[in-house]
Amino acid sequence: MTLAIDSLVVGYGKRTVVKGATLRVGKGELVGLLGSNGSGKSTLIKTIAGINRHSAGTITWDGTTDLAGLPRRELAKLVAYVPQSISLSFGLDIKEAVLLGRTPYFGTRPSERDWQHVEQAIRLLGLNELGDRAVTELSGGQGQRVLIARALAQNPKILLLDEPTSALDIRYQWQTLTIARQVTRKNDVAAVIAIHDLNQAARFCDRVIFLNDGEIIAEGRPADVYSPELIKTVYGVEVELSTHKGFVQIHPAADHDEPQRPGHLAAVHTSSVGESRLQAQG
Amino acid sequence: MSSTQTDPYLADAVSGEPGSSRRRRDRYAYQNGAIVLGIAAVIVTALVGIQIGTSGATFGHVLGTFYAKITATPPTERAALQIQNIIWELRVPRIALAILGGAALAIAGTLFQGLLRNPLVSPYTLGIAPAAAFGASLAIVVFGATAGSANIPLVIGALLFSFLNTALVLSLASARNLNATTLILVGIALSQLFGALTACIQYFAQDEVLAAIVRWTWGSVNNSAWYQVLVMFALLALTLPYIRFRSGALNAIAFAGDDSAKSLGVAVSRVRLESIAIAATLTAVTIAFTGIIGFVGLVAPHIARLVVGPNHRFLITFSAIIGALLLVVSDAVGRLVISPGVIPVGIIDALVGAPIFLYLILTRQKAIE
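In the order they appear, the protein sequences are chains A and B. Numbering follows the working numbering, in which position 136 of the first sequence is assigned residue number 136; successive positions increment by one, without gaps. Numbering follows the working numbering, in which position 159 of the second sequence is assigned residue number 159; successive positions increment by one, without gaps.
The reader is advised that the hints may include incorrect statements.
Covered, in the sense of this in silico footprint (three residues per stretch, anywhere, with C-beta under 8 Å from a C-beta of chain A), are these stretches of chain B [to be verified]: (1) 62-76; (2) 86-98; (3) 233-247; (4) 253-260.
Pairwise CB distance ranges (calculated) [to be verified]: (5) A:A253 / B:L306: 54 to 60 Å; (6) A:T178 / B:I188: 42 to 48 Å; (7) A:E137 / B:C200: 46 to 52 Å; (8) B:Q192 / A:D62: 50 to 56 Å; (9) A:I170 / B:I188: 39 to 45 Å; (10) B:S21 / A:E229: 55 to 61 Å; (11) A:T65 / B:L273: 26 to 32 Å; (12) B:F143 / A:R109: 46 to 52 Å; (13) A:Q182 / B:R244: 36 to 42 Å.
Listing some non-contacts, in silico: residues in chain B with all C-beta distances to chain A over 12 Å [what the hints assert, rightly or not]: (14) G53; (15) Q82; (16) Q113; (17) N118; (18) A211; (19) S263; (20) Y359.
It is worth saying that the hints were derived from the structure and are not from the lab. In this text the structure is predicted, and so the values were computed from the model without any measurement. Cβ atoms here follow ideal geometry from the backbone N, Cα and C, with glycine treated the same way.
With the hints as constraints, model all of the structure from the sequences given.
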């Protein structure tokens, strides 16, 4: 079972944001979507989720199902979307917030089966220990877990995560990515995650795809794809690569930070996610 | 694709946490119980409200009137017939309009707050009240309509400009795909526009016309007519099933946001447009019949959320109950304070509602947020 996207074109008005994207995501695979701000990551994810419309190209599941042709509710039973942060307009409790994931399945009254899905997703994400707390009382990491639980309650085949770690500290970033990877493997879903941190993408994603100005310019395993030239092209920065415990890691080039850091101190990510150390330079 | 296909999440699941389904049943029982108690409270306050006045009507007279109307057996005694006429032609429509108008404004407020994802908006946020005020003012100037009455030109004037305002907002929302914040800003702009137009009329109006306009804006259920009650009843009977049917979609829009709601299978633009059209119609018709009754549409949803929670499946109904209670009680207070004089319900509503709202803000801030 594969999510297949072919020659996809998406735009806002006259501006084309995604320019002919073609990619494949297999079940049980977590694919990282990388690129600078405005490169089209979120637009691509929202288009797969049916939030945006595409002007050309196709999005199919399992070779036969055209996602754009599905009724909205049927699409929502196949594809789940996790936004950047949880909405805090009103104080729903955790269970009711996760129950929103069952919206495509019931009319006005959820069934016992809907609640079973909710409780299973809550257990899977370790949210049962938080009881009936309102989402307005949760930390950023807990809120993100609620959003992932909501997506899982949809019982999707395709999971789309739109920069779910962008507002989280390193602990919750790591936790969220670990959960995303576990869920992808355990439940055999095809997952795509838009992410900014290249080192975390290398650590958690099976494959990565680089978007640059709406075009896919590189795709493959992080160790095979990452290169100083590619990073320079996409982000305009000089980097160096290293390997730690089998994972490729990116550091600022030795002379990159010198003029900006008079104290000759630069924070450098170590290869172990969740840790960082200050490394004296010069 | 059906939910009965491969279900990986349930594959190794036990069938729910022990006691969780019982807790859910208890919660549903509590929410349904609150609704039943609320309806009972509305009936009791309505019966008390019908008795209030200078005619000396008792509870027995009220019951007797309903019995006589149901069985079509009018009393033979002249005094009894007179009291029955007062009850049936003046008091019952008054209380019924207070119940239905309060319910309509509360439902509209709940819908607007959810659809625009903002707890501070009210049924008047999109500029409906100033538009209705302008229409009513125009009718008073042109036709010399009497404020606070069931005068047809006044009702039509208010209704016409309310719908014009709503059509303008919805057309813009539909054509330009406006988000919730922009819709609120459009409403503020239209409020200012119609406010200025009404001020122009007031500036050039003669004293008695100015007085009539100002009286209308106070909001009142004095001189309510049965046709108004029937129109409001029909409107609520027609729209409530739709709103109940859309409660899941309303939850998704209110609590997940537009993008997530779309990804949950909700046709966000369509639901928002249809629901705003319903909320605006409920508001416009109520204002046209009563004048501007503020506050109930803002505060009733908040009080209801504190009791039954934010789920629209229960919130819509309970907000309607709270709205009805607020107006019936306000009307009763307005008739008691300076009896035999009457203070308009719009004034009492704000006087009663504001302290309640302040209390809620200060003591239950988190629940309101």
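Among the hints numbered above, which are violated by the structure, and what are their numbers in rising order?
-> Violated: hints 1, 2, 16, 17, 19.
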